[in-house]
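Work out the full structure: start from the sequences and follow the hints.
Under the working numbering, the sequence shown has 50 at position 49, and the numbering climbs by one with no breaks.
One thing to keep in mind: the hints can contain errors.
As the list claims (entries may be wrong) - Computed spacing ranges between beta-carbons, pair by pair:
| hint | residue 1 | residue 2 | range |
| --- | --- | --- | --- |
| 1 | Val89 | His49 | 38 to 48 Å |
| 2 | Gly63 | Thr91 | 13 to 23 Å |
| 3 | Phe77 | Ala14 | 28 to 38 Å |
| 4 | Glu17 | Lys42 | 13 to 23 Å |
Unchecked claim - Once the Cα atoms are required to be at most 25 Å apart in a straight line, the calculated SDA-like pairs of lysine to any residue come out as:
| hint | residue 1 | residue 2 |
| --- | --- | --- |
| 5 | Lys42 | Arg110 |
| 6 | Lys26 | Ile87 |
| 7 | Lys42 | Glu17 |
These are computed hints drawn from the structure, not numbers from a lab. Even for Gly, the Cβ is constructed at its ideal location relative to N, Cα and C.
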Amino acid sequence: MIRQCFILFGCLALGELIVYLTGIKLPSSIIGMLLLTLFLKLKWVKLHWVQGLSDFLVANLGFFFVPPGVALMLYFDVIKAEFIPIVVSTVISTILVLVSTGWVHQYIRRHARFSKHENSSNRSKAQDDGLSKQ
Numbered sequence: 002m003i004r005q006c007f008i009l010f011g012c013l014a015l016g017e018l019i020v021y022l023t024g025i026k027l028p029s030s031i032i033g034m035l036l037l038t039l040f041l042k043l044k045w046v047k048l049h050w051v052q053g054l055s056d057f058l059v060a061n062l063g064f065f066f067v068p069p070g071v072a073l074m075l076y077f078d079v080i081k082a083e084f085i086p087i088v089v090s091t092v093i094s095t096i097l098v099l100v101s102t103g104w105v106h107q108y109i110r111r112h113a114r115f116s117k118h119e120n121s122s123n124r125s126k127a128q129d130d131g132l133s134k135q
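In structure tokens form, the structure reads like this:
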């Protein structure tokens, strides 16, 4: 459990350090998650080293939204004054995310299909060449 905490909070601390040193305008938690993903992909960190704490945090994710939800009550006057712009920007950004996600999915599916087709045709062509040479 201590190793899991050390790895997860270490990635978060590295993200904080990167933001502090570079002045990059990205949240340190996002950078920390990207670092953790990189470490997992490079197999510097094994999945079972962080899985227990990660599962616990994901299972209790709803609790992490309570403080920001309560804090919204302090800003009801601002929300009331800016309700229309908030709703319009939310709807537009949701539509943009849906459309761009759909386009990316279609692009990936289309190219995955072609690369599979090319790989199988290259293999069969190589097999045919091997048979004709014998």
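CB-CB spacing for His49 and Val89 relative to the 38 to 48 Å hint: At roughly 46 Å between Cβ atoms, His49 and Val89 fall inside 38 to 48 Å, so the hint holds.
Cβ distance range 28 to 38 Å for Phe77 and Ala14, holds or violated: Distance hint for Phe77, Ala14 holds at roughly 35 Å.
Distance restraint between Lys26 and Ile87, which requires alpha-carbon spacing of 25 Å or less: holds, 23 Å
Restraint status (C-alpha distance of Lys42 to Glu17 at most 25 Å): Answer holds: Lys42 to Glu17 is near 21 Å, not above 25 Å.
Satisfaction of hint between Arg110 and Lys42, Cα-Cα up to 25 Å: Holds, at about 23 Å.
Pairwise beta carbon distance, Glu17 to Lys42, judged against the given window 13 to 23 Å: holds, 22 Å
Range hint compliance [Cβ, Gly63 to Thr91, 13 to 23 Å]: At 21 Å between Cβs, range holds.
The structure is consistent with each of the numbered hints, conforming to all of them.
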